[in-house]
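Chemist: Let the hints inform the model, and build the full structure from the sequences given.
Protein chains in written order, with this note's numbering: chain A, 8 to 312; chain B, 12 to 306.
No lab work stands behind these hints, which were simulated from the structure alone.
Note that the coordinates shown come from a computational prediction; the quantities given were computed from them, not determined experimentally.
Certain hints may be false.
To be verified - On the chain A side, residues computed to face chain B include the following (Cβ under 7 Å):
#, residue
1, A127
2, I199
3, Y203
4, S208
5, S288
We put the CB at the ideal spot given by N, CA and C, even for glycine.
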Amino acid sequence: MTEASPLRALNRDVSLGLADDAVRGISPLALAIHRFLLWLRSPRPYLMIVGFTLFIGFWYLAVEVWKLPRFSEMPGPTEVVREWFSRNPTYGLSVFTPEYYLHIWVSTRRVAIAFFLATAIGVPLGLFLGWSERFKQYVFPVFELLRPVPPLAWVPLAIVMFKGSETPIIFLTFLASFYATALNTMLGVESIDVSYTRAASCLGATRWQVFRHVIVPGAMPFIFTGLQISVGVAWFSLVAGEMVSGQYGLGYVINTSYTMVRYPTIVIGMITLGIVGYVTSAAVRFVGDHLMQWRTRELALGGDR
Amino acid sequence: MNIQQMAQSSQVISSPLGSQISVTNVSKIYGAGDFAKEVVRDCSFTLDRGKLTVMIGPSGCGKSTLIRMLAGFERPSSGAITLDGKAVSRPGLDRLVVFQESALFPWMSTYDNIMFGPRARGEDTPEMRAYAEELLHKVGLDGFRKKYPAQLSGGMQRRAELARSMINKPAVMILDEPFRGLDAMTKKLMQEYYSNLYEEFRRTTFFVTTDIDEAIYLADRILIMTNIPTQVRAVINVDLPRPRHVEDITENDDANAIKMRALSLLHEEAMKSFARGSKAAADFVDAYAKRINKE
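Modeler: In structure tokens, the structure reads:
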């Protein structure tokens, strides 16, 4: 065959499809630094700071300056920050007390266990629900009936079913995560274009190979969306569980501080929950992006599909 | 499953020109009773060994249904489809389909996409890898083996898809409007490029299109289809010498005669469906009128 000149012309008009050679040799670290610098140069970090300033500013003004009617009992930002970073906190909890980290650790551990259980059971269940119409007909109606029952409604049965104080809390935390993961995974499988499975069977793949190489990777974007939701809902069902039983954990801190009228500590608990929750869901996103580089690149290119 | 596949792949090697497919009195009806819709009616044709047969017809006339039946994804309601005398009943490696929309797996690199077929059959051998390299070179994607489909242009995706099919040495290649949706320039280059590939490999090929110029440029034989329910309206042999060049075709009197004949047949079919209120047909008639005015 002639060294086709039309081909060269064809390849030239690809603005973003840089050939392999062009990107070889860029280290992940250099890429991360590059991205960070890009982020610093974009308006995003500054808009974020403006957003936080407005939010905290309103809180400060409403509570400490204007003393709005229903806000007078609330702890203001200065009081909370002073308590949070105090070496000798009035209500016994700050970044300098070991107990603070014990609460964080206990809660994180519960969420981690519940999240991994929910993933280990939810992903396979979702994959089979999406893959086998027959299996779905058996299982899905039961699943849909249980799903709207809020974790709080499960509290009495959880305490009856499981021994001790730890397992019921983990069970309650697990529930909502599990529904989110299984449902998203199922939708992920159902979203896969039939042309991919057709192409695979046309190319000689067995049913199992189609499952392994088409269904699983094809559902991956939805699975990770599900896992991000799942981590989020794990944190809020956790607080529900911890308010009911247990001796440690951020939910427990908030609940006991309420009964003992330690209002700044409640806010410390809330902010800590927000931060830890954000970190866990960022970690899930990071793992997802790492596993689905094809998708990251697709999105980075503006995704014309 | 595996034994059958092996049987199929040994069959693939048997003829270097590929297989012969016969479609005999095939009908396809979707639904039943009052809701029945006949898409294909009593359709017969053959795809000759080593020849490139192009099917052309008004949009929405049931061409894709015929392809799904040839590929084995669907069965005819009546009639028979045979490959070298054996009935076609399900998807098999002997008939590879290149789909209308890019069906490259977005989560695999170009190279992994091309090697999908051999790996699925457990043939990830050094010879096969060498052949993959050769094909990558042939389709001009040497430097793009690690790229994901989304990082390739439309034309490159189609070429990667051609390579993914060809590595399996299918006895029959079926292409369903493979160049649809490409811009005019890329489409023309892809046609020339595809024509070169075909002339080099000469395997039984079934090519579906709605573009008459593309049909004449590529075909050994053109099947003109009727409007839905689809049937073969006419068979036109295109005896133009190969290798062909786009310029030769536009200036060739035989080619122009074929084009005029095909266009008037297609126009009749389009008018019929236009009379039945088909939007697609109305578009076709518009385009046809423009084309006639230009000439």
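Chemist: Holds or violated: the hint that A/S288 contacts chain B, with Cβ atoms closer than 7 Å.
Modeler: For A/S288, the interface hint is violated, since the closest Cβ of chain B sits about 23 Å away, which is over 7 Å.
Chemist: Any CB of chain B closer than 7 Å to the CB of A/A127?
Modeler: violated, 22 Å
Chemist: Hint A/Y203 vs chain B: min CB-CB distance below 7 Å?
Modeler: holds, 6 Å
Chemist: So, as I understand it, the hint says A/S208 touches chain B; can you test that by seeing if any CB pair is closer than 7 Å?
Modeler: holds, 5 Å
Chemist: Checking hints one by one. Is A/I199 an interface residue toward chain B, by the C-beta closer than 7 Å rule?
Modeler: At about 10 Å, which exceeds the 7 Å cut-off, the nearest Cβ of chain B leaves the hint on A/I199 violated.
Hint compliance for this structure: hints 1, 2 and 5 are not met, and every other hint is.
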